[in-house]
Amino acid sequence: MIVDDIGGQQSLGGFVVGLPMAAMRIRSRQAACVEVRMSPIRAHSLLGIAATDLGRGVVPLEQLWGSEVRRLREQLADARTWEERFARTKSFLTQCDRPMRTPDPEVIAAWHHILASGGQVKVGELAESLGWSRKRLWARFESQIGLTPKRAAMLVRFRRAVVGLLAGLPAADVAAVCGYTDQAHLCRDVSIFADRTPGTLYEDDLPAIARDRYRAWGTFFQSPG
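For the sequence shown, the working numbering assigns the number 1 to the initial residue and increments by one for each residue that follows.
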């Protein structure tokens, strides 16, 4: 597999991608892989890397876990069933977990509030509800999640909008329901995060895995235990 990130860099093989700030393209011909979706809360304790590094591109697995990655890759290749591959991946992540490395409770609360609101949240009001200044929330959230609260809200709102667009709902209706200022505002976000227009997102003959990835964005690997 080849990933072209927003900085024009390419990554081959196993990799980790943070919450994206723009569209990325994944290219492959015939490939079998294990994909693990994890929330930024879990990523903070599992990956052992600054969230800001994840938020700016693609990180090779070897950079995170060194030679252990080769052993995992060999185990996955030798496995005869997908259930066995999933079990070995889960076991590997359990060994990598750092339970003491968790985000601030306020950052966790802010992330869950952004998710629950569908990205329709004002950062100032969110900070006030947590007893923090806007500046402190902005800095701590970005350092531990990988994006600013505003950017994270944009991404969550986009994910909600994609569900409606893939269902064939009119873009104007999706924009209104998801809290966009207008349809043009929705079009800008779809262009940023998907490199498409709302119309082509629905009309394009996307592979099943691409549609599943859009729909499953909010489902995460919560715990390795």
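What the hints contain is simulated information worked out from the structure, not anything from laboratory work.
Nothing here was measured: the structure is a model prediction, and the numbers come from that model.
There's no promise every hint is true.
Stated by the list, open to error - Mimicking DSSO-like on lysine-lysine, the simulated pairs with C-alpha atoms at most 30 Å apart in a straight line are:
#1 K122 with K135
#2 K150 with K122
#3 K150 with K135
As the list claims (entries may be wrong) - Now the in silico label distances, taken between C-beta atoms and shown as ranges:
#4 I192 with G124: 15 to 25 Å
#5 A87 with A116: 30 to 40 Å
#6 Q95 with C33: 31 to 41 Å
#7 R70 with D173: 29 to 39 Å
#8 S143 with A172: 30 to 40 Å
#9 W82 with P60: 29 to 39 Å
#10 K135 with E68: 34 to 44 Å
#11 P60 with A87: 34 to 44 Å
#12 E203 with E83: 31 to 41 Å
#13 A109 with E74: 32 to 42 Å
#14 R70 with G199: 40 to 50 Å
In this text, a Cβ means the ideal position worked out from N, Cα and C, and glycines have one as well.
Against the structure, the hints come out as follows:
Proposed proximity of K122 and K135 is supported: the alpha carbons are some 13 Å apart, at most 30 Å. Pair hint K150 plus K122 holds up; C-alpha atoms about 8 Å apart against a cutoff of 30 Å. Under the criterion of a C-alpha separation no larger than 30 Å, the hint pairing K150 with K135 is consistent with the structure, at around 12 Å. Taking the beta carbon of each, I192 and G124 are about 23 Å apart, inside 15 to 25 Å as hinted.
One distance hint, 30 to 40 Å for the beta-carbon pair A87 and A116, holds here, with the actual separation near 32 Å. At about 20 Å, the CB distance of Q95 to C33 disagrees with the hint of 31 to 41 Å. Taking the beta carbon of each, R70 and D173 are about 50 Å apart, not inside 29 to 39 Å as hinted. A hinted range of 30 to 40 Å for the beta carbons of S143 and A172 is consistent with their spacing of about 38 Å.
Taking the beta carbon of each, W82 and P60 are about 24 Å apart, not inside 29 to 39 Å as hinted. Judged by the Cβ atoms, the range 34 to 44 Å given for K135 and E68 holds: they are separated by roughly 39 Å. The hinted window of 34 to 44 Å between P60 and A87 is violated, with their beta carbons roughly 24 Å apart. Between E203 and E83 the Cβ separation comes to about 36 Å, which falls inside the hinted range of 31 to 41 Å.
Separation of A109 from E74 is about 41 Å and conforms to the stated range, judged on CB atoms against 32 to 42 Å. Between R70 and G199 the C-beta distance comes to about 44 Å, which sits within the given range of 40 to 50 Å.
In terms of the numbered hints stated before, the structure departs from hints 6, 7, 9, 11, listed from lowest to highest.
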